[in-house]
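From first to last, the protein sequence lines stand for chains A and B. Numbering-wise (the working numbering), the first sequence opens with residue 1 and increments by one. Numbering-wise (the working numbering), the second sequence opens with residue 1 and increments by one.
Note that these hints are calculated values from the structure, not bench results. Just to be clear, a hint being listed does not mean it is correct.
Repeated chains share a single entry, so a pair holds when one copy, or any two copies, can fit it.
[Claimed, not checked] No more than 27 Å apart at the CA atoms, straight line, and that leaves these computed lysine-lysine pairs for DSSO-like: (1) K241 x K129; (2) K89 x K53; (3) K91 x K241; (4) K86 x K62.
2 protein chains.
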Amino acid sequence: MAASVEIICVGNELLIGKTLNTNAQWLARRITTFGLNVRRITSTADDVDEISKVMQETLQRKPQFVITTGGLGPTFDDKTLEGVAKGLKCKIKLSEEALKMVEKTYSRYVEEKLLDKVELTPPRVKMAKLPEGAKPLSNPIGTAPAVLMEYEDTTIIALPGVPSEMETIFEKSVIPILKKAAGESTFFETSINVYGVMESEIAPMIDQVMHDNPYVYIKSHPSREGEKKSRLELHLTTTAKDLKLARNRVGKALIEITELVQQKGGKTKLVKEG
Amino acid sequence: MAASVEIICVGNELLIGKTLNTNAQWLARRITTFGLNVRRITSTADDVDEISKVMQETLQRKPQFVITTGGLGPTFDDKTLEGVAKGLKCKIKLSEEALKMVEKTYSRYVEEKLLDKVELTPPRVKMAKLPEGAKPLSNPIGTAPAVLMEYEDTTIIALPGVPSEMETIFEKSVIPILKKAAGESTFFETSINVYGVMESEIAPMIDQVMHDNPYVYIKSHPSREGEKKSRLELHLTTTAKDLKLARNRVGKALIEITELVQQKGGKTKLVKEG
């Protein structure tokens, strides 16, 4: 059973549709690639009570990891850590380790002549106030540190919302943690395009192939124009203990579905190999 | 108080990061524009139990609307209606009205010579099986009808996942319903770019302006490169009973924040007007 992950994206900009949630897709993709299983993605408001509620509901489902994005910065609307602390019923405390990280960043800004001097104003100190027991993760390209916490059997990781900062911290500090949890698990995927067969015709073929190949998941994606257009993408995925086994499983299912499509007079074409 | 909406996006492709959730952004944007308030967006798996659980948890929060996307098609992995029915503890029943819609679409495909004859195979009939008491909404450009249901004080609307179908049905059948619920409510937004002031410097200014303008929400968005880059976007939004009031409120806050930025030696530039 692959380790389970939930993603929580904090930001009013997501709820008013100002921002496309590319962070969620990027994270989901990376996490899946490492053999973990993203179970749910929730976008919520910059609101302490909402964040707290989402966090509590998420923890009740006992995922191994909760990864949040957004809401770590210096402004009043950066409320993720306050919300998480409320959800976990713990206090917010100044972390000396985090404060050193923040101070170091502003010192660099002074060296780079972006600032005259390092002043640890309240909005800057705010970024070093973490839920009690939490550990800061350094942010090499931004100011607010990311945050690592444990709650019962769940590891909570709070990442910034700026995509470049989120991605950098994920690659540097989060991947090693996830890899350990994933163990030997590997994700493998492949896609074929099917021409000349409608989605409603292919439905029973997918049923049969998935029945014969219980570890392979097949999902059909009609082209954006719906069923009328005769191109249909079939996406085959599996998670296995090594890449060879994963490839073999998907390969067997691929051959079977291709044969069934051809029997119906359709054609297939491999899209890409993961 | 603006009518509340929750969005539920169903699809494994979202959880493995194969697909960017443009549907959620598109819906959030449209819904917000009509003066309603999107409270939460949840992405969940093609799994009856998961969909059922998400639906039950969502209904406990008593939003006025729940809008789902995805999972209405003919294949085995299209499980939204089954999941919703389980969550609502009601049965799935063949809807004669929905079946007529499905039949009409396939008749059109025959006319357009995409099919030889209309056969109502099980996967096609599946698209007409709705939770008991639900009403189908016709899908002018695809096959699976959308679905409208009432549960206590919540209206549930299930839309297809293919973006063009989702958008077409939303514009035609959903907007009239939302407009009625929104009443006189109007959303207004404006953005300014701020140059030469860091996010940590602008934080107390935003605090002050939001304190003076309680109906205006101001959010700062650092450029993708983080705080170092000196451009920062401030996004000002409000929801009011008419556009004039909304504009006046945002305008007043805009002047105030601009003055504060200039006092700090920064510059501002209007980005766009909503």
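K241 and K129: within-copy, between-copy, both or neither at 27 Å Cα: Intra 40 Å, inter 39 Å, cutoff 27 Å: neither.
Copy assignment of K86 with K62, given that the CA separation must stay at most 27 Å: both (18 Å within a copy, 22 Å between copies)
27 Å Cα threshold - placement of K53 relative to K89: Intra 11 Å, inter 25 Å, cutoff 27 Å: intra and inter.
Alpha-carbon proximity context of K91 and K241, limit 27 Å: neither (41 Å within a copy, 39 Å between copies)
Violated hints for the displayed structure, listed by number in ascending order: 1, 3.
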